[in-house]
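K.L.:
Sequence:
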Amino acid sequence: MKKYSILIFIVGLTALLLIQKEIAMPLVYKVIQSDLFLVDSKDQGSQSPISTPLTGLAFAHCNTYIKSKLGSDTSVNFAEKPINAWSLGNYQYVINGEIDITSTNTNPVSKKYACRITYKNGDDTEGSNDFANWSIEGLSGLDL
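Under the working numbering, the letters of the sequence shown match residues 3 to 146, in that order.
Calculated directly from the structure, the hints in this document are not laboratory data. Only true hints are included.
Across the chosen pairs, the derived CB separations fall in these ranges:
(1) Gly14 <-> Ile85: 55 to 65 Å
(2) Pro28 <-> Glu100: 50 to 60 Å
(3) Ser70 <-> Leu20: 52 to 62 Å
Note that beta-carbon positions come from the ideal geometry of N, C-alpha and C, so glycine has one too.
Build out the structure end to end from the sequences listed, making use of the hints.
P.N.:
Structure representation (structure tokens):
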């Protein structure tokens with residue numbers, strides 16, 4: 003058995019490489035070329051900051067969410083517009099903003115935050131003013 007173990011190892015390794023090359027990789031290429039992962043949406047992603055009516059609403063909804071999480075003993079002042087807003091495509095946005103927080107116990111503090119928010123109704127923008135049609139995916143920069 004010792005005599006054939008290296009031979010069995012080489013044959014097994016060769017078989018695995020051939021299976022990967024001839025079966026697995028062509029299947030992977032077909033899946034990649036298909037529309038399986040394609041999301042067809044009018045909202046296209048952008049690598050540079052943008053300003054659209056939906057990014058403005060996303061900014062407003064992020065601010066509403068932040069204000070609700072801070073509590074009644076905290077006073078907040080939001081900027082009129084976000085520092086930057088990016089569309090990730092498919093109605094997903096990243097909002098970068100600044101907030102002034104004044105608590106009864108502390109001095110006023112200015113903080114920057116990033117909020118990832120998604121509009122759930124897709125191309126139907128009629129309900130975009132309703133916060134129930136949005137979901138906050140993440141918030142960073144603030145200790146809530």
